[in-house]
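Chemist: First to last, the protein sequences are chains A and B.
If you count the first sequence from 1, position 350 lands on 402 in my numbering, and the numbers rise without skipping.
If you count the second sequence from 1, position 24 lands on 69 in my numbering, and the numbers rise without skipping.
Worth flagging that the hints you see were computed from the coordinates, not collected in a lab.
Derived BS3-like pairs (lysine-lysine); straight-line CA-CA distance at most 27 Å:
1. B:Lys-305 / B:Lys-295
2. B:Lys-192 / B:Lys-264
3. A:Lys-427 / B:Lys-192
4. B:Lys-192 / A:Lys-279
5. A:Lys-358 / B:Lys-99
6. B:Lys-99 / B:Lys-264
7. A:Lys-427 / A:Lys-285
8. B:Lys-295 / B:Lys-59
9. B:Lys-59 / B:Lys-99
10. A:Lys-427 / A:Lys-358
11. B:Lys-192 / A:Lys-285
12. B:Lys-264 / B:Lys-51
Here are some chain B residues pointing at chain A (derived, C-beta under 10 Å):
13. Arg-125
14. Val-134
15. Tyr-136
16. Leu-141
17. Asn-144
18. Leu-145
19. Asn-150
20. Glu-156
21. Leu-185
22. Val-195
23. Pro-212
These figures come from a predicted structure and were not determined experimentally.
Just so it is clear, CB atoms sit at the ideal spot from N, CA and C, and this is done for glycine as well.
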Amino acid sequence: MSEVAQTPDAPVKSALLDSQKQQTVGEYVSGALRGIRSGDIGSLPIVLGLIVIAIIFQSLNQNFLTPRNLVNIVIQMAGIAVIAYGMVFVLLLGEIDLSAGYVSAIGGVATAIMLRDSLTNPALAWMDWWNVIPIALLVTAAIGALHGFLITTFQLPSFIVTLAGLLAWNGVVLLIIGDGGTVNIQNPVVRNLASDVLSPEMTWLVVIVFIVLMTVLEFTTASARQKAGLRAKPMSIIIAQTVIMAVAGAFIAYLFNINRALNETATPQAGMPVIAVLMLIFLLVLAFIAERTRFGRYVYAVGGNKEAARRAGIRVERIRVLVFMISGLMAGMGGIILASRLKSVATDAGGGNLLLYVIAAAVIGGTSLFGGRGKVVSAVLGALVVASVENGMGLLNVSSGIKFIVTGLVLLAAVVIDALSRRQQQASGRR
Amino acid sequence: MGDIYKGSPLLETKGVSKSFGAVQALTRVDFNVYPGEVVALVGDNGAGKSTLIKGIAGIYGFDEGEVTFDSRRVNIHSPRDAAALGIEVVYQDLALADNLDVVSNMFLGREWTSGVTPGNESNGGAPGGIVKLMRNLLPLTEIEMEKRAVATLNDLAVTTLRSVRLPVASLSGGQRQSVAIAKAVLWNSRLVILDEPTAALGVAQTRQVLNLVRRLADKGLGVVVISHNLHDIFEVADRIAVLRLGHMVKTFRRSETDQKEVVHAITAGQIGVVPGMAS
Numbered sequence: 053m054s055e056v057a058q059t060p061d062a063p064v065k066s067a068l069l070d071s072q073k074q075q076t077v078g079e080y081v082s083g084a085l086r087g088i089r090s091g092d093i094g095s096l097p098i099v100l101g102l103i104v105i106a107i108i109f110q111s112l113n114q115n116f117l118t119p120r121n122l123v124n125i126v127i128q129m130a131g132i133a134v135i136a137y138g139m140v141f142v143l144l145l146g147e148i149d150l151s152a153g154y155v156s157a158i159g160g161v162a163t164a165i166m167l168r169d170s171l172t173n174p175a176l177a178w179m180d181w182w183n184v185i186p187i188a189l190l191v192t193a194a195i196g197a198l199h200g201f202l203i204t205t206f207q208l209p210s211f212i213v214t215l216a217g218l219l220a221w222n223g224v225v226l227l228i229i230g231d232g233g234t235v236n237i238q239n240p241v242v243r244n245l246a247s248d249v250l251s252p253e254m255t256w257l258v259v260i261v262f263i264v265l266m267t268v269l270e271f272t273t274a275s276a277r278q279k280a281g282l283r284a285k286p287m288s289i290i291i292a293q294t295v296i297m298a299v300a301g302a303f304i305a306y307l308f309n310i311n312r313a314l315n316e317t318a319t320p321q322a323g324m325p326v327i328a329v330l331m332l333i334f335l336l337v338l339a340f341i342a343e344r345t346r347f348g349r350y351v352y353a354v355g356g357n358k359e360a361a362r363r364a365g366i367r368v369e370r371i372r373v374l375v376f377m378i379s380g381l382m383a384g385m386g387g388i389i390l391a392s393r394l395k396s397v398a399t400d401a402g403g404g405n406l407l408l409y410v411i412a413a414a415v416i417g418g419t420s421l422f423g424g425r426g427k428v429v430s431a432v433l434g435a436l437v438v439a440s441v442e443n444g445m446g447l448l449n450v451s452s453g454i455k456f457i458v459t460g461l462v463l464l465a466a467v468v469i470d471a472l473s474r475r476q477q478q479a480s481g482r483r
Numbered sequence: 046m047g048d049i050y051k052g053s054p055l056l057e058t059k060g061v062s063k064s065f066g067a068v069q070a071l072t073r074v075d076f077n078v079y080p081g082e083v084v085a086l087v088g089d090n091g092a093g094k095s096t097l098i099k100g101i102a103g104i105y106g107f108d109e110g111e112v113t114f115d116s117r118r119v120n121i122h123s124p125r126d127a128a129a130l131g132i133e134v135v136y137q138d139l140a141l142a143d144n145l146d147v148v149s150n151m152f153l154g155r156e157w158t159s160g161v162t163p164g165n166e167s168n169g170g171a172p173g174g175i176v177k178l179m180r181n182l183l184p185l186t187e188i189e190m191e192k193r194a195v196a197t198l199n200d201l202a203v204t205t206l207r208s209v210r211l212p213v214a215s216l217s218g219g220q221r222q223s224v225a226i227a228k229a230v231l232w233n234s235r236l237v238i239l240d241e242p243t244a245a246l247g248v249a250q251t252r253q254v255l256n257l258v259r260r261l262a263d264k265g266l267g268v269v270v271i272s273h274n275l276h277d278i279f280e281v282a283d284r285i286a287v288l289r290l291g292h293m294v295k296t297f298r299r300s301e302t303d304q305k306e307v308v309h310a311i312t313a314g315q316i317g318v319v320p321g322m323a324s
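Throw the hints in and build the complete structure from the sequences for me.
Modeler: Okay, here's the thing in structure tokens:
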């Protein structure tokens, strides 16, 4: 701010009106660079991190970057990413959901049990994947709503309520599965959810539709803003972005379409996993809700300043309950994906380090643990990191002790980078 | 200056009282604001300033007495009722979400969505449950909101803001106050109540905010300013209403009084001089 503008007698020179002038490409780029220097780094560290991870594991084991293994990573990350979508919403509120792991197990168990009983019990013969999955999701969403209800009604810390949930739902899973130990999934649709692939043609179609959709969105937004006299992203930047996205998309489609069969004589395996499309659809829907709707705006507002949200007439408690419901819903979906990957549900479902991987994915992706900051897409990027590290160490055959240590260090690094960027932002007055 | 008092007051309280248990916070207070004037509400701590404005803003009801707005008797039971009348309060802590940008903060809780034409949006009427729920999932019309935010800020000559897409956390104290005030006038409000708008601001920023307060009144709004800073009050207010222990002691015209007289009214003569001022 110039001192001149603050004295009342000086000619009115509005920085605000200046700010609406259209930028040249050079100004736009230098503005973006200035943003990065002042700590507004976005997903830059995670992209660099992924490159580092790829280089390290590829140099230790050449199978890491093969198309076959990349598809494995996608399948490994899917369950984590989908559960982490819900976790991002919870973290945006500045809360946490420790029950997500075992609630996901409930989703998987409910699906497996209902599908199993539909085969043996004639009264349940109407059950099939298309009604069993919604019922299971309804159950897990209701569990999330219950957590939210307890947290808001009795004003309890979400940490404690969901910690109780972690224990209790683990118990429920054990009781349902019983002594049998494992419930196998026979239903072909659910069985193949995590392993089916699109045909190479469909793979191209999905990639092209996605790129066209994104580009049309960017173009219409920019031209509408320009027409309204507001500062818009320069067209040449959008074109450059589109070209980069198209090249990257084409490369990804090409990778997916390489024959992954282990030898020449085996049936060819190629195409994008269906689960990747599912992950993408959930991402688009949830990112839209978070960033383009009132509900999403209210989630950020409650996470940023609960009192301000309340005074603005936002029903804070309702938003909190709904967010825990979303967390339960996405946990259920993730649980079904994880069950499909194993083609069965066992007593250890939802346990191990699933919950920590989910929270790590959201945080590594750049979602703050303190609320109000983060994006849904961070769940995908973070899950990709977590799954890559796990997968890479699996290829190297390291002990699970080492695995845990390395994953812990990756999480620590992510949090440190987040803290450093926040400090840089504070220092440069952005936050 | 005299002609603004020719019509009827925009807001008038007649004999309002409020007690909290055994504590009588307000006793039969008469208070009024005319359109186009700045009224300063002063008094020592516990004099009842906050109680009075919270009653007007609908945070809680008065025990007795009546409130008229536009010469009509009104019952303000909630902040929503107050907002529907065009009464907006800017609290001392501003109630801004630091992580959201200027536009998001100005529209917080009343965002425009596609299908809801700007202008027919009133925060008083409550549409049916399911309709409202669906509206929370419609796309926001960011461009319309940004245009309106820029227009409002320019109208108030908030000139130092670099962009309306910056997070509020990155703004200076004066800019934050300006955003909070612009938020209050965005909704065709008619009475704006400001709680300690210049506390914690530097010299240049205080000036910036006082100019803004004056401009609100010049646009025909009624403005109530609560402040402890007599210097600021004498700069911006047309009238000065003094509360003491829940009673309205006296209302001065600024042109007809001085700081010493006001201090005397606030303290009931216990302090004869303005602190820090050579007598």
